[in-house]
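K.L.:
The task is simple: from the sequences and hints, build the whole structure.
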Amino acid sequence: MSGAKEVKQHYEPGTHPDLPPPLGSTGPIKWIRENLFSSPTNIVLTILAAFFLYKIVPGMVAWTITDATFIAADRNECRALNSGACWAFIAQRWHLFTFGFYPEAERWRVVLAFILLCVVIVALLWENCPGRSLLVKFALIFPFIAAWLLLGGFGLEPVSTDKFGGFMLTVIIGVTGIALSLPLGILLALGRQSNLPIIKYACVGFIEFIRGVPLITLLFVASTMLSYFLPPGTNFNLLLRVLIMVTLFASAYMAEVIRGGLQAVPNGQIEAADAMGLKYWPAMRLIVLPQALKISIPGIVNTFIGLYKDSVLVIVIGLLDPLGIGQASLADTKWQGLSTEVYLFVAIFFFISCYAMARYSLYLERKLHTGH
Amino acid sequence: MKKSIKYAAAVAAFTATAMNAQAATLDDVKARGELNCVVSTGVAGFAAPDDKGNWAGFDVDFCRAVAAAVLGDGEKVNFVPTTGKTRFTVLNSGEGDILFRNTTETMSRDADLKLTFLPVNYYDGQGFMAAKALGVESAKDLDGASICIQTGTTTELNLADYFRTNGISYEPVPVETNAEAQTNYLGGRCDVFTTDASGLASTRASFENPADHVILPEIISKEPLGGAVRHGDDQWADIGKWVVNAIIAAEELGVTQANVAEMGAEAGDNPSINRLLGTEGDFGSMIGLDAQWAMRAIAAGGNYGELFDRNIGPDTAIGLERGLNAQWSDGGILYAAPIR
Chain A
1 MSGAKEVKQH YEPGTHPDLP PPLGSTGPIK WIRENLFSSP TNIVLTILAA
51 FFLYKIVPGM VAWTITDATF IAADRNECRA LNSGACWAFI AQRWHLFTFG
101 FYPEAERWRV VLAFILLCVV IVALLWENCP GRSLLVKFAL IFPFIAAWLL
151 LGGFGLEPVS TDKFGGFMLT VIIGVTGIAL SLPLGILLAL GRQSNLPIIK
201 YACVGFIEFI RGVPLITLLF VASTMLSYFL PPGTNFNLLL RVLIMVTLFA
251 SAYMAEVIRG GLQAVPNGQI EAADAMGLKY WPAMRLIVLP QALKISIPGI
301 VNTFIGLYKD SVLVIVIGLL DPLGIGQASL ADTKWQGLST EVYLFVAIFF
351 FISCYAMARY SLYLERKLHT GH
Chain B
373 MKKSIKYAAA VAAFTATAMN AQAATLDDVK ARGELNCVVS TGVAGFAAPD
423 DKGNWAGFDV DFCRAVAAAV LGDGEKVNFV PTTGKTRFTV LNSGEGDILF
473 RNTTETMSRD ADLKLTFLPV NYYDGQGFMA AKALGVESAK DLDGASICIQ
523 TGTTTELNLA DYFRTNGISY EPVPVETNAE AQTNYLGGRC DVFTTDASGL
573 ASTRASFENP ADHVILPEII SKEPLGGAVR HGDDQWADIG KWVVNAIIAA
623 EELGVTQANV AEMGAEAGDN PSINRLLGTE GDFGSMIGLD AQWAMRAIAA
673 GGNYGELFDR NIGPDTAIGL ERGLNAQWSD GGILYAAPIR
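Here the protein sequences come in this chain order: A and B.
When the count follows the working numbering, it moves up by one through the first sequence with no breaks and lands on 372 for the last residue.
When the count follows the working numbering, it moves up by one through the second sequence with no breaks and lands on 712 for the last residue.
Source of the hints: derived by calculation from the structure; they are not laboratory data.
There may be inaccurate statements among the hints.
Stated by the list, open to error - So the derived list for chain A, only partly shown, Cβ under 7 Å to chain B, looks like this:
hint, residue
1, L96
2, D162
3, Q327
4, Q336
Stated by the list, open to error - Cβ-Cβ distance ranges computed for the label pairs, FRET-style:
hint, chain 1, residue 1, chain 2, residue 2, range
5, A, R359, B, L506, 47 to 57 Å
6, A, S83, B, G691, 18 to 28 Å
7, A, L125, B, G691, 49 to 59 Å
8, A, G59, B, E543, 22 to 32 Å
9, A, P214, B, G559, 23 to 33 Å
10, A, Q263, B, E447, 51 to 61 Å
11, A, W63, B, K448, 36 to 46 Å
12, A, A80, B, E509, 27 to 37 Å
13, B, A663, A, F351, 50 to 60 Å
Even for Gly, the Cβ is constructed at its ideal location relative to N, Cα and C.
P.N.:
What follows is the structure, given as structure tokens:
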């Protein structure tokens, strides 16, 4: 029966079985043909790129992995063991990079706060998260729990913010700035479009002033000049000042991004809201802002990423972020001169965080894309 | 940014006197229970965090000695890391109580920036390092060389002076920190690395092939490094001054970290030691402290020789000789004023 089928050359119209596509137009070969060798220019570029990769990759792999040292007590030992990167430096100082100068016995609190933060972020960002409504309520009290865990008091050993540093500091500045600058930015953007002159010009003045001054200057003012304006003896926490400045700075940029979104919402939408008898705030909340924010997502995430990376500037006011910890560590005679390792390590950390934010924004854009 | 820092510094200088006239730093420190000590963001041997995150180094040990004298515990220090540019603003704004940040004492810093310098704790001088392959034997051969230089330091100014006096030209490559200068130098972005001689030695020691680099014979400047406090609080300046003097005097008198408790327990035969350790006279109360102030300062890290040997001496990776920093009785110029 099957043998007869193989030799059959003639088919009734409409009965021909589906044949697999020819080898060259499917799977990896098709992909390679279409993407790498589709035109003479592409062929040349592909060959050049392959040549560069061939030149660069083996050396990089050798330096970072195969020739690298992972366990050693100091740099001389690293050198004696192998010729590549001395990752032992990072391994030995892993805690310093993560927690800064936070007391060793209390570090579990930072870890716990970070785990809770992850839970909150997942609950807020992922709609199908189990138990979401409860977790969202938890997110509202999370900032207070986190502050209690990190700062201590009420039964926990108090830890001064001077001891904060490393990735922990970056995450604190980044998350606080991101969480506060968005609502503040929305208010500023709405205020800028307000019909009430006082509100309008206050918002315009604030936005233009903050945008006109570099962040580093604001931080400097926060760290040193503020002592002159406050009554003598006032002790205003340095980290708190930084958080306020970073938030204000980001919210000014955020306001402009959101204003772009607001202006893209057609006037008819607002008129329709008016026609339905909605007052200002319900109209904004239900009709204008959802559309405006959706349009602004790329710009908003852009500002978030910028803010997150700007946190390395805190070194000018004596707070040691991962980069600062790295630079200070390089001055230890045990490890002097390993700057490539430090910078690469910090770069990888920032890349992972920022890339995750960028991917989430793409996901959000796709999800909210309603086709008009 | 430069402008803003200048502005900040100007306002700092302007208001410092007015603000600090009534502020007694000693009371603030005691109330806080912690000494805010301005250090660098990392200079090998002088201040750097170790693997556990504890600050260590020559400058750091002086901070601890002051904290021990004032608060009774050398651990009660909050280190405020600063770059060369921000250090004085931080001190003047009150964010720091005292500064030990390998800082050169100069007239303009003393008078114009309104600092009061403590006795010199390290005599340094600026030198040059270049790759051996460059074939230079003297700094005078450096015409047209590119030089990595930390901004906001006296090194920067000395360099300009030296090249101008000798009628040769150079191309400055400004960098922010010592680590950055080192990376740039090794990466070939500048031909010459210049900083204080102590920094050159420690930097070269960390290179893969130290023998490939020469330290040129010229020392082009005087760099008396010392601590500093703000103008306007003489009692606090006295505390800093006499703690440094006590540490230096302790070496001269043979008081060490190990024997200080025993020597200070009761008055001995040497009246100088008795006065230093508070078993004779009433010197502590003159600076607002108790009689055991110097004893605690010495017990925190040891005398000058011990601090030197532990952090930057010949047995460390930095390997500096005492040189000018030996006691006056050993051919150096360390000469502590007497406590009496």
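K.L.:
If I claimed the Cβ atoms of A/A80 and B/E509 lie 27 to 37 Å apart, would that claim hold in this structure?
P.N.:
holds (33 Å)
K.L.:
Grab the minimum C-beta distance from A/L96 to chain B and call the hint holds if it beats 7 Å, violated otherwise.
P.N.:
holds (5 Å)
K.L.:
Between A/R359 and B/L506, does the beta-carbon spacing fit 47 to 57 Å?
P.N.:
holds (49 Å)
K.L.:
Was the hint right that A/Q327 lines chain B, CB cutoff 7 Å?
P.N.:
For A/Q327, the interface hint holds, since the closest Cβ of chain B sits about 5 Å away, which is under 7 Å.
K.L.:
Confirm or reject the claim that A/L125 and B/G691 have a C-beta distance inside 49 to 59 Å.
P.N.:
holds (54 Å)
K.L.:
So the hint says 36 to 46 Å: do the beta-carbon atoms of A/W63 and B/K448 match that?
P.N.:
holds (44 Å)
K.L.:
Double-check A/D162 for me: the hint is only fine if its C-beta lies closer than 7 Å to a C-beta in chain B.
P.N.:
Holds: closest Cβ of chain B sits about 5 Å from A/D162, inside 7 Å.
K.L.:
Can you let me know if the beta-carbon spacing of A/G59 and B/E543 is within 22 to 32 Å?
P.N.:
The hinted range 22 to 32 Å holds for A/G59 and B/E543, with Cβ atoms some 31 Å apart.
K.L.:
Does 18 to 28 Å hold as the CB distance between A/S83 and B/G691, or does it fail?
P.N.:
Because 25 Å falls inside the window, the suggested range holds.
K.L.:
Could one say that the CB atoms of B/A663 and A/F351 fall in the range 50 to 60 Å?
P.N.:
holds (58 Å)
K.L.:
Holds or violated: is there a CB of chain B closer than 7 Å to the CB of A/Q336?
P.N.:
Given a least distance of 3 Å, the restraint on A/Q336 holds.
K.L.:
Given the range 51 to 61 Å, decide if the beta-carbon distance of A/Q263 to B/E447 lies inside it.
P.N.:
Check passed, 58 Å falls within 51 to 61 Å.
Of the numbered hints listed earlier, not one is contradicted by the structure.
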